[in-house]
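Chains as they are written, first to last, in this note's numbering: chain A, 1 to 115; chain B, 1 to 114.
What the hints contain is simulated information worked out from the structure, not anything from laboratory work. Virtual Cβ for every residue (Gly too), placed ideally from N, Cα, C.
Partial list, derived from the structure: chain B residues whose beta carbon lies under 10 Å from chain A:
#1 Phe34
#2 Gln42
#3 Leu44
#4 Gly100
#5 Ile103
Listed next, the stretches of chain B that the computed footprint assigns to chain A, with coverage defined by at least 3 CB atoms under 8 Å from CB atoms of chain A:
#6 45 to 59
#7 105 to 111
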Amino acid sequence: KAGVTQTPRYLIKTRGQQVTLSCSPISGHRSVSWYQQTPGQGLQFLFEYFSETQRNKGNFPGRFSGRQFSNSRSEMNVSTLELGDSALYLCASTISGSGSTDTQYFGPGTRLTVL
Amino acid sequence: AQSVSQHNHHVILSEAASLELGCNYSYGGTVNLFWYVQYPGQHLQLLLKYFSGDPLVKGIKGFEAEFIKSKFSFNLRKPSVQWSDTAEYFCAVIVYNQGGKLIFGQGTELSVKP
Numbered sequence: 001k002a003g004v005t006q007t008p009r010y011l012i013k014t015r016g017q018q019v020t021l022s023c024s025p026i027s028g029h030r031s032v033s034w035y036q037q038t039p040g041q042g043l044q045f046l047f048e049y050f051s052e053t054q055r056n057k058g059n060f061p062g063r064f065s066g067r068q069f070s071n072s073r074s075e076m077n078v079s080t081l082e083l084g085d086s087a088l089y090l091c092a093s094t095i096s097g098s099g100s101t102d103t104q105y106f107g108p109g110t111r112l113t114v115l
Numbered sequence: 001a002q003s004v005s006q007h008n009h010h011v012i013l014s015e016a017a018s019l020e021l022g023c024n025y026s027y028g029g030t031v032n033l034f035w036y037v038q039y040p041g042q043h044l045q046l047l048l049k050y051f052s053g054d055p056l057v058k059g060i061k062g063f064e065a066e067f068i069k070s071k072f073s074f075n076l077r078k079p080s081v082q083w084s085d086t087a088e089y090f091c092a093v094i095v096y097n098q099g100g101k102l103i104f105g106q107g108t109e110l111s112v113k114p
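The shape of chain B in the complex, shown without the other chains (with noise of 0.2 Å):
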């Protein structure tokens, strides 16, 4: 069965340090990938995916990832974290041609330290 991990649990960091939080998934086929944030007591909302071409993908508020085929990785990024950050990160992904079931990640809790 397809599976998607997220390596950090919960990540403390500093305003203006960088981020990335690591995703991989497991299915050797083709995938749609997507990283979806929920703020407190907020809605999940989407952050940026990733379907095909340019394996760098940029999403709103500066956030960005990369999908490594080869290392079944889709790492979310952003160079500088505002206190505004501070929220739960879903990664995502989607079996190509298999419908709309989205498999996620367990989530990684991200505290911004202002």
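Chain A with its partners taken away, still in its complex shape (with noise of 0.2 Å):
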């Protein structure tokens, strides 16, 4: 069975711009949850999806978001990029939606540069 799937791999944007990540999960995993990576914050949630809506979200500003469409792939968009955005955005997949009592399955991420 394939993992999870982010892509891209790699993005280099400049300030003020926007992004959309998208990410596939494991295939009959039904929620979907992102993470920020960087050195300085470490791993921080930014929002989780179940059955297309958003039922957890991190302290991030509204310049983040993000969606999950009925095959449970998902999406997050940031807008009017900021050079801290600059990260390893992360998706990780659970196969039903009780959320604490699943293992959540990281993909490779992506890596986003903001110039």
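Since each chain sits alone in its own frame, please combine them into the complex, following the hints.
Structure (structure tokens):
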């Protein structure tokens, strides 16, 4: 069974632009979570989606948004990019919507560089 | 707010040495606990997890962790490390019944010298 896939793997943008990242969960998985990984702040939760609904949101500004489609694939969008948004963005999927009792399986991430 | 603290930022060991990585969390209610590993150039992988039952849990590659509720700790151990264990290790918690928000510690970078 294929793992979590994320596209693109690498992205370079300039300040002020917007970006959309994509995540395809493991087949049969229905919940997707997004995390930001930076050397300074470590791994921080962005949001969680289940059945096309945002179930949880982290402490990030409104420039960060996401959505989930009926096939469980998810996208996250960052508008008006800032230099501090440079990070590895990780997506994780779980098989069900039980949330806290699921194991999250991570994708390889999208490396975003903002110039 | 809940938080996770990993005591060691960088640990350097020789092969065959024993490993213990500390992890403490701050939350008074029920949590589920995880250790993830990130090998160089690879994605995060689950090492082990604790939801309930025996507080000593065994994971992949000879790792184990012990949950001590009174100390809010979930330390990771391995009796004898190998060069291939060189990686970054993350402790994480989820608050029970509050969805899938993983709260991660800052990570511990482990370097094993051959």
